[in-house]
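The listed protein sequences derive, respectively, from chains E and Z.
Position one of the first sequence corresponds to residue 1 (full-length UniProt numbering), numbered consecutively onward.
Position one of the second sequence corresponds to residue 1 (full-length UniProt numbering), numbered consecutively onward.
Calculated directly from the structure, the hints in this document are not laboratory data.
Heads up, a few of these hints could be off.
To be verified - Here are a few chain Z residues that sit away from chain E, every Cβ distance over 10 Å (derived from the structure):
id, residue
1, GLU68
2, LEU116
3, GLY217
4, SER220
5, SER236
6, LEU247
What the hints assert, rightly or not - If you want the footprint, here are the derived chain E segments under chain Z, 3+ residues with CB under 8 Å:
id, stretch
7, 65 to 75
8, 85 to 92
9, 183 to 191
10, 303 to 314
We put the CB at the ideal spot given by N, CA and C, even for glycine.
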Amino acid sequence: MTAVTTGTAVEATVETTAEAYEAAFDAAVAADERIEPRDWMPEAYRASLVRQMAQHAHSEIIGMQPEANWITRAPSLRRKAILMAKVQDEAGHGLYLYSAAETLGTSRTELLDKLHAGRQKYSSIFNYPTLTWADVGAIGWLVDGAAITNQVPLCRCSYGPYARAMVRICKEESFHQRQGYESLLALSRGTPAQHEMAQDAVNRWWWPSLMMFGPPDDESAHSAQSMTWKIKRHSNDELRQRFVDICVPQAETLGLTLPDPDLKWNEERGQHDFGAIDWDEFREVLKGNGPCNEQRISQRRRAHEEGAWVREAATAYAAKHSGKGASGDSGTGGARSARLVEKEATA
Amino acid sequence: MTGTPTATALALADDALILSHRLGEWAGHAPELEEDVALSNIALDLLGQARILYSLVGDEDELAYLREERAFRNLQLVEQPNGDFAHSIARQLYFSTYQRLLYERLASGDGPFAGLAAKAVKEVDYHQDHAEQWTLRLGDGTTESHERMQRACTALWRFTGEMFEPIEGGQGSGGEDGHDEGYGEGLDGVNRQELAERWLSSVTAVLRRATLTVPDGPRSGAWTAGAGRQGLHTESFGRMLAEMQHLHRSHPGASW
Numbered sequence: 001m002t003a004v005t006t007g008t009a010v011e012a013t014v015e016t017t018a019e020a021y022e023a024a025f026d027a028a029v030a031a032d033e034r035i036e037p038r039d040w041m042p043e044a045y046r047a048s049l050v051r052q053m054a055q056h057a058h059s060e061i062i063g064m065q066p067e068a069n070w071i072t073r074a075p076s077l078r079r080k081a082i083l084m085a086k087v088q089d090e091a092g093h094g095l096y097l098y099s100a101a102e103t104l105g106t107s108r109t110e111l112l113d114k115l116h117a118g119r120q121k122y123s124s125i126f127n128y129p130t131l132t133w134a135d136v137g138a139i140g141w142l143v144d145g146a147a148i149t150n151q152v153p154l155c156r157c158s159y160g161p162y163a164r165a166m167v168r169i170c171k172e173e174s175f176h177q178r179q180g181y182e183s184l185l186a187l188s189r190g191t192p193a194q195h196e197m198a199q200d201a202v203n204r205w206w207w208p209s210l211m212m213f214g215p216p217d218d219e220s221a222h223s224a225q226s227m228t229w230k231i232k233r234h235s236n237d238e239l240r241q242r243f244v245d246i247c248v249p250q251a252e253t254l255g256l257t258l259p260d261p262d263l264k265w266n267e268e269r270g271q272h273d274f275g276a277i278d279w280d281e282f283r284e285v286l287k288g289n290g291p292c293n294e295q296r297i298s299q300r301r302r303a304h305e306e307g308a309w310v311r312e313a314a315t316a317y318a319a320k321h322s323g324k325g326a327s328g329d330s331g332t333g334g335a336r337s338a339r340l341v342e343k344e345a346t347a
Numbered sequence: 001m002t003g004t005p006t007a008t009a010l011a012l013a014d015d016a017l018i019l020s021h022r023l024g025e026w027a028g029h030a031p032e033l034e035e036d037v038a039l040s041n042i043a044l045d046l047l048g049q050a051r052i053l054y055s056l057v058g059d060e061d062e063l064a065y066l067r068e069e070r071a072f073r074n075l076q077l078v079e080q081p082n083g084d085f086a087h088s089i090a091r092q093l094y095f096s097t098y099q100r101l102l103y104e105r106l107a108s109g110d111g112p113f114a115g116l117a118a119k120a121v122k123e124v125d126y127h128q129d130h131a132e133q134w135t136l137r138l139g140d141g142t143t144e145s146h147e148r149m150q151r152a153c154t155a156l157w158r159f160t161g162e163m164f165e166p167i168e169g170g171q172g173s174g175g176e177d178g179h180d181e182g183y184g185e186g187l188d189g190v191n192r193q194e195l196a197e198r199w200l201s202s203v204t205a206v207l208r209r210a211t212l213t214v215p216d217g218p219r220s221g222a223w224t225a226g227a228g229r230q231g232l233h234t235e236s237f238g239r240m241l242a243e244m245q246h247l248h249r250s251h252p253g254a255s256w
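Between the sequences and the hints, there should be enough to build the whole structure, so can you do that?
Given below as structure tokens:
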């Protein structure tokens, strides 16, 4: 390589290099190759992914709240076990997604701080309250169903760590969705009071679930760019339509109705027509004025603040014992040696 | 039910169910996401143990949802409110140490609980490890965490004697004169005095390593250790049951 001696030449080289990187990136995306953490990527691509993955991770952990609301009241031990496992999975999904986001040069702490400060969002759906046990089933069927419809295409997302996290997450989500459906079916076929409870839950969760796909295509700020980058594969309206078409026959099997008088099969399109979504409500919820926005974020902040002394203790302990065979957060050396002490004491 | 040590199965099941319920209250409130995962993991293990034990006695939902406070046989320790994280960890340390020692014994014998104990002992070993790790971190962490952990260990100390009281209602639980060495029906291979000693030395070792003082208050006797095994519980327990059972009781005969 020839030594570059003039300023102009340096600029020219840098520019050429940036262009070359950009071209290589575009080519990789076009060829459906995965972008990996050490690859060059446009800053806007990085920022867009951080925004989306953070919002996704936040949704998992805020989404624990409406369901955890029923853990202590679950009506049978089997349902209680299923619900506990589900909420546990959600915490795990949050962890995967924060880790995946960290490959982009941010940190979980930073992302959580932004969530707590209201500077990053989570899915609008979790601002609705769970008022009866049937809501837990409706969330499984509709909310997880909508999430899966949204997330399955993300398994082919251009950013490798996100795509791989989604493969793992989608498997568990499908399982949750089936359990939710099955729980709702048990209610629908149960006593008249249980059936009524199920119908009421579907009535309240149907429209908010449709809003999970985001604003209509002509109002979606990030859609076009995300689709070019192959972060998104389908438009909001396409996915919403797909979801409606999946749900209609499922609702029939459940013996429950969907609360939309305009919902009907359109022979010509080969899809269902459905009624207008209340976008004013959607915008209000996004602005923080939904039924539970304040409650959800307060609980999240409170858990974080009240847990601060615990995290500080773990850090202090790790600092004191680093290099002494006990590790900060996941080592089991400490307990094992405590057992040895115990064995010696009882020998 | 022939061959099934009903009273003991019920007592062990109630311990697991009630502690599982308390841990379930942590969901979404833990200091770290990792702890949300860990605490619900432990809660699930315990719920699984409770369900197996109930199946030896009768219908799990009838037993969990349709008995009243006075019919529950769980230790008062496990029904204690979560309190701060240190209280929950102290409760876990005391209970999981007891449960590991007990299940290890049962798993090595050929009694009616050997099978389930063999499976549960792996879970319980993890629970104890988790509790010990946190006891060390909190005890030997910051001044604040040390103080909180010490308070928690001391506050719950009085509930620890009950773990080694005979389980009422089964053969081998002995007479009322207190001379019987029996522990509970189906626990014949377990010497409760020995269990108590091993528990004390294990907990003492962990607390000392955690730079904590081993509490010296009474652990049994009237108004100190409880009488949960006889269905006498602390005040918060009824409220906990009200929440747990409300929905099930509101729909008699329904299935879910």
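Exercise. Do three or more residues of the stretch 183 to 191 of chain E come closer than 8 Å to chain Z, measuring C-beta to C-beta?
Worked result: holds (count 5)
Is the coverage entry for the stretch 303 to 314 of chain E by chain Z consistent with the three-residue Cβ rule at 8 Å?
holds (count 11)
According to the definition I'm using, a residue is off the interface if its beta carbon is farther than 10 Å from all beta carbons of the partner; does Z/GLY217 meet that for chain E? holds (21 Å)
Just checking, Z/SER220 versus chain E, shortest CB gap more than 10 Å? Per Cβ check, Z/SER220 is outside 10 Å of chain E; nearest 21 Å; holds.
Note to self: Please check whether the stretch 65 to 75 of chain E has three or more residues whose CB lies within less than 8 Å of a CB on chain Z.
What the structure shows: Check passed, 7 qualifying residues.
Are all C-beta atoms of chain E more than 10 Å from that of Z/LEU116? holds (16 Å)
* Asked: For Z/GLU68, is the shortest beta carbon distance to chain E beyond 10 Å?
  -> It holds; Z/GLU68 is separated from chain E by about 17 Å at its closest Cβ, greater than 10 Å.
request  = With 10 Å as the threshold, tell me whether Z/LEU247 passes as away from chain E on beta-carbon distances.
outcome  = The assertion about Z/LEU247 is violated, with a minimum of 5 Å to chain E.
| said: At least three residues with a C-beta closer than 8 Å to a C-beta of chain Z: is that true for the stretch 85 to 92 of chain E? | reply: holds (count 5)
(request) Measuring Cβ to Cβ, find out whether Z/SER236 lies farther than 10 Å from everything in chain E. (result) Z/SER236 is indeed farther than 10 Å from all Cβ atoms of chain E, at 13 Å.
Hint 6 alone, counting from the list given before, is not met by this structure.
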